[in-house]
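Peer 1: Residue numbers (my numbering), protein chains in the order written: chain A, 1 to 141; chain B, 1 to 141; chain C, 1 to 407; chain D, 1 to 407.
Please keep in mind that the hints were generated in silico from the structure rather than gathered at the bench. Treat each hint with caution, since some may be false.
[Stated by the list, open to error] Stretch by stretch, here's where chain D covers chain C in the computed footprint (C-beta under 8 Å, at least three residues):
(1) 39-45
(2) 228-242
(3) 246-260
(4) 287-293
(5) 365-371
Remember, it's a predicted structure, so these values are computed and weren't measured experimentally. Note that beta-carbon positions come from the ideal geometry of N, C-alpha and C, so glycine has one too.
The lines below spell out each chain.
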Amino acid sequence: MMDKGLYREVLLDHFRNPRNKGSLEEGMQRERGSNPRCGDDIEVGVVQVESRIEQIRFHGRGCSVCIASASMMTEACEGAPSDSAISLCNHVESWVGSREGGTVPHPGVEALDGARAHAARHTCILLSWRALCRLLTADAA
Amino acid sequence: MMDKGLYREVLLDHFRNPRNKGSLEEGMQRERGSNPRCGDDIEVGVVQVESRIEQIRFHGRGCSVCIASASMMTEACEGAPSDSAISLCNHVESWVGSREGGTVPHPGVEALDGARAHAARHTCILLSWRALCRLLTADAA
Amino acid sequence: MVESLASPWRHDFPQLLENPQLHYLDSAATALKPSAVVEASRRVLSEDYGPIHRGLYPAAERATDAYEAARSTLHRFLGGREDDCLVFTRSATESLNLLAEGWLQSVLVPGDEVWVTTLEHHANYLPWKRVCERVGATLRVVPLNTDQTIDATQFDDLHPRVKLVAITAVSNVLGVALPVSEIAARAHAVGALVVVDAAQAIGHQRIDLATWGCDAVVASAHKMSGPTGIGVLLARRSVLECTEPLLVGGGMVDLATAEQPVWAALPSKLEAGSPNLVGAVAMAAAADYLSDAGIDRVESHVAALTHSASEALAQLRGVSVLALDAPERDHGIVSFNLDGVHPHDVGQIAGELGVAVRAGHHCCQPLMQALGVDATVRASFALYNDDTDVDALVSAVENVIDVFGVR
Amino acid sequence: MVESLASPWRHDFPQLLENPQLHYLDSAATALKPSAVVEASRRVLSEDYGPIHRGLYPAAERATDAYEAARSTLHRFLGGREDDCLVFTRSATESLNLLAEGWLQSVLVPGDEVWVTTLEHHANYLPWKRVCERVGATLRVVPLNTDQTIDATQFDDLHPRVKLVAITAVSNVLGVALPVSEIAARAHAVGALVVVDAAQAIGHQRIDLATWGCDAVVASAHKMSGPTGIGVLLARRSVLECTEPLLVGGGMVDLATAEQPVWAALPSKLEAGSPNLVGAVAMAAAADYLSDAGIDRVESHVAALTHSASEALAQLRGVSVLALDAPERDHGIVSFNLDGVHPHDVGQIAGELGVAVRAGHHCCQPLMQALGVDATVRASFALYNDDTDVDALVSAVENVIDVFGVR
Ligand SMILES: Cc1ncc(COP(=O)(O)O)c(C=O)c1O
Ligand SMILES: Cc1ncc(COP(=O)(O)O)c(C=O)c1O
Numbered sequence: 001m002m003d004k005g006l007y008r009e010v011l012l013d014h015f016r017n018p019r020n021k022g023s024l025e026e027g028m029q030r031e032r033g034s035n036p037r038c039g040d041d042i043e044v045g046v047v048q049v050e051s052r053i054e055q056i057r058f059h060g061r062g063c064s065v066c067i068a069s070a071s072m073m074t075e076a077c078e079g080a081p082s083d084s085a086i087s088l089c090n091h092v093e094s095w096v097g098s099r100e101g102g103t104v105p106h107p108g109v110e111a112l113d114g115a116r117a118h119a120a121r122h123t124c125i126l127l128s129w130r131a132l133c134r135l136l137t138a139d140a141a
Numbered sequence: 001m002m003d004k005g006l007y008r009e010v011l012l013d014h015f016r017n018p019r020n021k022g023s024l025e026e027g028m029q030r031e032r033g034s035n036p037r038c039g040d041d042i043e044v045g046v047v048q049v050e051s052r053i054e055q056i057r058f059h060g061r062g063c064s065v066c067i068a069s070a071s072m073m074t075e076a077c078e079g080a081p082s083d084s085a086i087s088l089c090n091h092v093e094s095w096v097g098s099r100e101g102g103t104v105p106h107p108g109v110e111a112l113d114g115a116r117a118h119a120a121r122h123t124c125i126l127l128s129w130r131a132l133c134r135l136l137t138a139d140a141a
Numbered sequence: 001m002v003e004s005l006a007s008p009w010r011h012d013f014p015q016l017l018e019n020p021q022l023h024y025l026d027s028a029a030t031a032l033k034p035s036a037v038v039e040a041s042r043r044v045l046s047e048d049y050g051p052i053h054r055g056l057y058p059a060a061e062r063a064t065d066a067y068e069a070a071r072s073t074l075h076r077f078l079g080g081r082e083d084d085c086l087v088f089t090r091s092a093t094e095s096l097n098l099l100a101e102g103w104l105q106s107v108l109v110p111g112d113e114v115w116v117t118t119l120e121h122h123a124n125y126l127p128w129k130r131v132c133e134r135v136g137a138t139l140r141v142v143p144l145n146t147d148q149t150i151d152a153t154q155f156d157d158l159h160p161r162v163k164l165v166a167i168t169a170v171s172n173v174l175g176v177a178l179p180v181s182e183i184a185a186r187a188h189a190v191g192a193l194v195v196v197d198a199a200q201a202i203g204h205q206r207i208d209l210a211t212w213g214c215d216a217v218v219a220s221a222h223k224m225s226g227p228t229g230i231g232v233l234l235a236r237r238s239v240l241e242c243t244e245p246l247l248v249g250g251g252m253v254d255l256a257t258a259e260q261p262v263w264a265a266l267p268s269k270l271e272a273g274s275p276n277l278v279g280a281v282a283m284a285a286a287a288d289y290l291s292d293a294g295i296d297r298v299e300s301h302v303a304a305l306t307h308s309a310s311e312a313l314a315q316l317r318g319v320s321v322l323a324l325d326a327p328e329r330d331h332g333i334v335s336f337n338l339d340g341v342h343p344h345d346v347g348q349i350a351g352e353l354g355v356a357v358r359a360g361h362h363c364c365q366p367l368m369q370a371l372g373v374d375a376t377v378r379a380s381f382a383l384y385n386d387d388t389d390v391d392a393l394v395s396a397v398e399n400v401i402d403v404f405g406v407r
Numbered sequence: 001m002v003e004s005l006a007s008p009w010r011h012d013f014p015q016l017l018e019n020p021q022l023h024y025l026d027s028a029a030t031a032l033k034p035s036a037v038v039e040a041s042r043r044v045l046s047e048d049y050g051p052i053h054r055g056l057y058p059a060a061e062r063a064t065d066a067y068e069a070a071r072s073t074l075h076r077f078l079g080g081r082e083d084d085c086l087v088f089t090r091s092a093t094e095s096l097n098l099l100a101e102g103w104l105q106s107v108l109v110p111g112d113e114v115w116v117t118t119l120e121h122h123a124n125y126l127p128w129k130r131v132c133e134r135v136g137a138t139l140r141v142v143p144l145n146t147d148q149t150i151d152a153t154q155f156d157d158l159h160p161r162v163k164l165v166a167i168t169a170v171s172n173v174l175g176v177a178l179p180v181s182e183i184a185a186r187a188h189a190v191g192a193l194v195v196v197d198a199a200q201a202i203g204h205q206r207i208d209l210a211t212w213g214c215d216a217v218v219a220s221a222h223k224m225s226g227p228t229g230i231g232v233l234l235a236r237r238s239v240l241e242c243t244e245p246l247l248v249g250g251g252m253v254d255l256a257t258a259e260q261p262v263w264a265a266l267p268s269k270l271e272a273g274s275p276n277l278v279g280a281v282a283m284a285a286a287a288d289y290l291s292d293a294g295i296d297r298v299e300s301h302v303a304a305l306t307h308s309a310s311e312a313l314a315q316l317r318g319v320s321v322l323a324l325d326a327p328e329r330d331h332g333i334v335s336f337n338l339d340g341v342h343p344h345d346v347g348q349i350a351g352e353l354g355v356a357v358r359a360g361h362h363c364c365q366p367l368m369q370a371l372g373v374d375a376t377v378r379a380s381f382a383l384y385n386d387d388t389d390v391d392a393l394v395s396a397v398e399n400v401i402d403v404f405g406v407r
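Let the sequences and hints guide you as you build the complete structure.
Peer 2: So, in C-alpha cells, the structure goes:
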C-alpha cells in the first residue's frame, strides 16, 4: 500500500538521508521558512556565482515531507542558473497547488506526487521552495 | 371563526368603546407603560382613597389587545382595595404567562383568553397591568 | 395581457407542499427552504461530515474541500472579483459588526463622517453608530426624499472627510432599490469606501459586487433560502487585510505564544473557531439552487407578485401602501397601514386566516420615525409565492377591514 | 475481568454505518452526528421552519416556541440555576470573546489580574490576553505541575486583584480534567469570577454549572454531536446584565433612535440578528440524545476506551504518551509522540489506514511550548467508538513504526 501512497521509498530515502543537509557555511545567502502551525522550520543557504547556484544547503526540522522536499530541491537546483531555479520554484508551486495532473516540474521531485494530493501537506512541501524563491528573487531585484 | 379566536366581540367592544379612557385628571397618580418595539404607549392614572382605588383611567395608543386589556383593567379595578388590585395584576401576569389553563383571574378579563395563547401579544396585554402594578406597589412601599 | 403569476418553483419547497393552506408572505424576515438545501444539509451532517483544516485523513480532507468549494461558490454568486475575499460569519449582522469594529474603528478619526440612509436596518446602522460615537466621528443619516426613496443626487455633497458609505441594496420595509452603482461612484470620487447590505436583496436579485463597484457586501444565508446561523462578508482583500478580528481563538492565529500574536492569513484570520461546515455547504446549495432557477427569472416573478399585491391593496378602503409611487419599488416587499387599526391586529387576523405577514418596525426605527408611524404591516414575496398568495392576502385584509369596521 | 468496549450507540451514527472501515478518533476536533440530530435538523428546515420573535402567525409562533424550548433544554443540560441565563452564540469561541470584550473589558482596571492555565485552548487564552493588554492588566498563566496536570493548590495564591479565573474542564490535548469546583471555591474566596470552558468536556461528561459553583460555562454544539455554527454561553444573569453586546443590530434593541440606544432585556440583548433556529433545535436534539444515552454511561465507556488505548500505545517502541501518570486523565483523549517521526507523518499514515487522528498543536501553543514539543498526535474517543477502533489505532501506529524504522 505504502508504495503507491505518499510515503514511497524515494521520499522516505530523502527523509532518512537528506542530501545537502547540515549547518550553513559562513558567507552563504540565507533565507528561513517556518510554519509555526506545525513547527516546521527550515533555513536554506546558497552560494551564487555568476547567476548560477554554485552551492545549496539547508538545515532545520520538519516532517518527512518537508525534509524530503528540501532535500530534493537542493539536488534539483545545484548548479542551475538562478533564473531557472526561480522558474522551477514557481512551477513546483503551481504543480503542487493543482494537486493532480500537469507536468512534473523536474524528475527529481516526482516522488512528491503522493504528497501534493493532500492539501494539508502543501505547506510542508513548499516551505523550502518558497524560501529559496524569496532568496533568489530578492537577490535578482 | 373570529368568535372563538382572539378577536371575540367582547374584546373588540372594549377596543371600540374603551371604558375609562381619556385624559388623566390633575392630582391623579400616574404611571406610564410603553413598548417601543410596537409603539404601544399607555398611561394609567388612579386616585386612591383609604387604600382603595377610588378612580382609575388611562390614555394612550396601542393595538386592540392593548387598549381592550387596559379598558378591562379599569373596570376590574375600580373600587377595589389597592392590595387586591395588586394581587389581581399579579394573577393576570401569571395567567397570561401560562398561555392556557389556570383560573381566570377576574370575569372581566375572560375575553383575553384568546390573546394570551399568543406569546407575541403578552406585552400588549400586560402593558397597562404592569404600569398599574408598579404604581400601586411603589405607593405601598 | 395577463402575466402568469404561477410559481414554477413552489413544488421544491416541502413546507408549502405539506401546508397547502399556508400563504407564506414573510420571506423578508426569513425564507423557506427548498429540498435541495434540506438534502445538502442532511448529507453533510450524516455522510460527509469531518473537521476542517489541517486534517490528514480522507474525511477531514473532503470536509475542507467542501468548505472551500462553498466559499468559491458564494464568491462567484455575489460577483466577487479576484482581489476580493469571502469570509464566513454567523450573519449579515456579524459581517457588518466585524467591519465596524475591525476596520472602521481603526480608520476613523474625530471629525470624520460615515453616511447611511434613513431606511437602513438596525444591523446597518447601530454598528456604525457605536463606532462613530466611540471615535468622535459623525454618523450622517441621508433622509428619505419625497417619493419615499433615496436617490444618488442625495450623495452629491459627499466630501473627503467621509470614510464610509453604508447602504442597503433593497429596503426591507419599502421594497425600494437604491442606485448602488451611482452612489458608489460618488463615494469613490471622494475616497470613501462603500459597503452594501444585500441581506434583503439576496433572495431575489443578482448581487454583483464587481458591477456595482463596491468595496464590500454582506448577506445572511437564511434570507436566500439557506440555513440559519451563517452569513458572509465579501470584501476587497486590502480592506480585510487591515481588519482586526472581532473574535480571537483557534484557527486564526499562526503564533499565539508571541508577545504580539501573529494572525493567520486571510480568510482564516477572520474566522476564529471551528468553521461552520454544515452552514457553508447548505448556503452554497441555496446559491446553486437560485442560480439554477435563474436569478433573473426569479427577480421578475417576484416583481410581478409585488406589483400585483401593491395595486390590489391600494384599492382597499383605508389602506395606504408605502412608497407606492416610488420608482424601483417592486423588490419583493409591500408595506402598508390600515386606518385606525394597529398593524399587530392586521398581522394577527391575517395569521389566523393562514396568511403569514409581519407587523412591526422591521428593525427600522429610524425609518418608522421618518414615516411618522410606529409600525407597518409588511407582506413579502419569494420565488415560491404565486397569485393565490396575493389573493389570500387581499382577502385577509378585507376581513380585517370588516372585523374592525374600517370606513 | 475484561470490561466490554463495544458501543451500544454506534449504530445511531449513519456516517459510521456507511463507512464500516472508518475508525474515527478525532471527536475532540468535532464529533459525528447521530440520526436524531440529522432528523431534527431536517424537520426544522423542511417542516417547522419560521421566523423567531414577534411573529403573529402559527409558523412564527411555533418557531419561537421551538427556539425557546431549545434554550431551556440546554439550560437544564448544563446544570444552569434559576438565576442563570443562556445565550446562543456561534461557538464556544464567540462565547468567550463575548465575555472578554463585553464583560471583562469593563471590569478590569490596570494592575488587575486574570488567571488561566497552561493547557488552555487558544479560544480560552487569546480573548483574555487581548483584553488584558488593552487595559493594562496581567494575564497569569498557571504552569503545569510535574505530572502534567493542574491542581487546585496552584490557585492557593489567588488574591483580590484577580478578577477572573478561566479554566477548561478537560484539556483537549492531554485529556486530563481540572478540579473545577475546588478552583472555583478558591476563586470565589477572593472575589474572582470563574468561567469554565466546557467545549471539550461536553460530549462525554456531565456539565453542571450549579454543582461546580461557577459563574459561566461555554460550549459548542459540534463537539457534542450537534450541528456546526452554534454554541452557548450560560452565565449568571448578574454577569450578563453588565455585559455589553459584542454585536449590535436587529432584535437586541428596544429603542434604536434614542441618543443612547436602549438594549432589549436578556437574552435578546446578546443575540443580535436573526436567531439560529435550526442550530438551536439541532443542538437541543444532541443534548436530548446524550441525556437519553445516559451521560454517566457515556463517560465510563469513553474512559474505558481512553484507558485501553493509552495503555496499549505506551507499550509500543518509541511511543511516549503524554500525561500518562496523571490522575483524572482518561477523559476521551490520548496524546502521544513517536521518536524521530513528525506527528504529521503519523497522522497521515494512520489516515491512509482508515484511522482518523489529529496531528498538530491542537490550538494549544502555550502547552506545546511547556511540553517542549511542536505538535502531538492525538486520538480522541466518543460514545460511538469501540475496541475495534483502539485496535486499529494501535496497529496503525505499529505500521508507522515499521515504515519509519523506529528503533
Ligand atoms: C478546550 C476547547 N476550548 C474551546 C474550543 C473552541 O471551540 P469552537 O472552535 O467550537 O469555538 C475547543 C475546540 O476547538 C476546545 O477543544
Ligand atoms: C436589510 C437587512 N439588513 C440586515 C439584516 C440582518 O440580517 P440577519 O438578521 O440575518 O443578520 C436584515 C434582516 O434581518 C435585513 O433585512
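Peer 1: Determine for every hint whether it applies to the structure shown.
Peer 2: Hint by hint, here is what the structure shows:
1. 39-45: holds (count 3)
2. 228-242: Since 3 is at least three, the answer is holds.
3. 246-260: With 10 residues in contact (Cβ-Cβ under 8 Å with chain D), the coverage given for the region 246-260 of chain C holds.
4. 287-293: violated (count 0)
5. 365-371: holds (count 3)
Checked against the numbered hints listed earlier, the structure breaks hint 4 alone; every other hint is satisfied.
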